[in-house]
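**Q** Take a look at the letters that make up each chain.
Number of protein chains: 2
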Amino acid sequence: MSNHKKRGMEFEYYLNKTNDFYRLTNKALIYKKPTPIQIVSVDYSKQNHVINKAFFSIPSTTDYNGIYRGKYIDFEAKQTNSLIGLSISQIHKHQLLHLLNVYNHGGISFLIIYFKKLGEIYIIFSNKIKELIDTNNVKVISLSHLKKYGHKIRLGISPYIDYLEVIDEIYQKYF
Amino acid sequence: MSNHKKRGMEFEYYLNKTNDFYRLTNKALIYKKPTPIQIVSVDYSKQNHVINKAFFSIPSTTDYNGIYRGKYIDFEAKQTNSLIGLSISQIHKHQLLHLLNVYNHGGISFLIIYFKKLGEIYIIFSNKIKELIDTNNVKVISLSHLKKYGHKIRLGISPYIDYLEVIDEIYQKYF
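If you read the sequences in order, they're chains A and B.
For the first sequence, position 63 matches number 894 in the numbering used here, and the numbering has no gaps at all.
For the second sequence, position 68 matches number 899 in the numbering used here, and the numbering has no gaps at all.
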């Protein structure tokens, strides 16, 4: 795998394990979507058809979605080596738009950001991201933004990244 | 594409166009998930990384999901050349289980079945499928089952396959 791919792997692994835990305990059904690819050529001569040429596509939505407490939940996971924050440019425009659309349709939508060098994970809801961009013309979602407008995730073992704890906390207030 | 792939293409095309219409009119956000594949080998030497070996994986969930009226919606699309019905064996077991799980979590989940030779499309909700299997040991979801326990979709132009019309009709009763 390329460096680009490798970087996100560890975080993805623990997120997937967290979602497995939520499913096994019947708390929520949340899945990572398959990586979108554009298939160019397939060899159908073998019993297991072999894709022998394909490209990675730009995702039109986000990485994760599912159902929690009957509601639609949708989020994108990002990882950064920065100690300052996550650049807005690291999020595809249509992904940001998708998260806002979900919010407008009454769903739960957010970014979950892993600060690799700090070992800290934060959530910020899409309406808060919109506020930061629209009113403050923010180019970077900084740690201080996240501490003020976001929510720090408690890390553990079962599950590893208990992001639904934050959803529960604010559920009464927002949903 | 193989015959297996070709068969579903037309139905998939009109479903995707229907979902585009729902998105453009801001009625719902429903997407087809990317085809799950298992990547074996990638050439990173080119600027656009080329996947040069991959296999189709068995999907762990369904083809379509999204949000409608704030609720989670999830369904699998099937097509048949039969005039009798859809064999249960044509649905992966974990897909059926997934649809039932969604129902148990308070989501809207169903099969949408296209009878190619009749030009008719039906919806059947997952709880009804479970009833048919559990109480009647049904092996085939027949046209008469669909007429009794399912809902026929009105076909049109904008959108082509207005399945949310059925959801609206029964929304008050079930959700």
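Please note that the accuracy of each hint is not assured.
What the hints assert, rightly or not - Some residues of chain B that are not near chain A, with every Cβ distance over 10 Å (derived):
(1) 864
(2) 884
(3) 891
(4) 900
(5) 923
(6) 988
(7) 993
Claimed, not checked - Keeping only pairs whose Cα atoms sit at most 30 Å apart, straight-line, the calculated DSBU-like set for lysine-lysine is:
(8) A:959 to B:959
(9) A:863 to A:979
(10) A:864 to B:979
(11) B:858 to A:848
(12) A:858 to A:961
(13) B:924 to B:848
(14) B:947 to A:848
(15) B:978 to A:864
(16) B:877 to B:947
(17) B:884 to B:858
(18) B:961 to A:877
(19) A:924 to B:978
(20) B:884 to A:858
(21) B:877 to B:909
(22) B:959 to A:864
(23) A:959 to A:970
Bear in mind the hints are in silico, worked out from the structure with no lab data behind them.
For every residue, glycine included, the Cβ atom is placed at its ideal position computed from N, Cα and C.
**Q** Run the distance test for residue 877 of chain B versus residue 947 of chain B: straight-line Cα separation, threshold 30 Å.
**A** Cα-Cα ~43 Å, so violated.
**Q** Taking the shortest Cβ-to-Cβ distance between residue 891 of chain B and chain A, state whether it exceeds 10 Å.
**A** Its Cβ does come within 10 Å of chain A, the nearest being 7 Å, so this is violated.
**Q** Given the hinted pair residue 961 of chain B and residue 877 of chain A, is their alpha-carbon gap at most 30 Å?
**A** Outside the cut-off at roughly 36 Å; violated.
**Q** Is the straight-line distance between the alpha-carbon of residue 924 of chain A and that of residue 978 of chain B 30 Å or less?
**A** Distance of about 44 Å is beyond 30 Å: violated.
**Q** Would you check the hint for residue 858 of chain B and residue 848 of chain A, treating anything up to 30 Å between C-alpha atoms as holding?
**A** 33 Å, violated
**Q** Just to be careful, I want the Cα atoms of residue 884 of chain B and residue 858 of chain B compared with a cutoff of 30 Å; is the pair within it?
**A** 39 Å, violated
**Q** Can you confirm whether the C-alpha distance between residue 978 of chain B and residue 864 of chain A stays at or below 30 Å?
**A** 33 Å, violated
**Q** Do the alpha carbons of residue 863 of chain A and residue 979 of chain A lie within 30 Å of each other, as the hint requires?
**A** Distance ~28 Å between residue 863 of chain A and residue 979 of chain A Cα, so the pair holds.
**Q** Take the C-alpha atoms of residue 884 of chain B and residue 858 of chain A, compute the straight-line distance between them, and say whether it is at most 30 Å.
**A** 37 Å, violated
**Q** Does residue 858 of chain A pair with residue 961 of chain A here, judged by a C-alpha cut-off of 30 Å?
**A** This hinted pair holds, its Cα atoms lying about 29 Å apart.
**Q** CA of residue 959 of chain A to CA of residue 970 of chain A, is that 30 Å or under?
**A** Holds, at roughly 14 Å.
**Q** Minimum Cβ separation between residue 993 of chain B and chain A greater than 10 Å?
**A** Given that every Cβ of chain A is farther than 10 Å from that of residue 993 of chain B, nearest at about 18 Å, it holds.
The earlier numbered hints that this structure contradicts are 1, 2, 3, 4, 8, 10, 11, 14, 15, 16, 17, 18, 19, 20 and 21.
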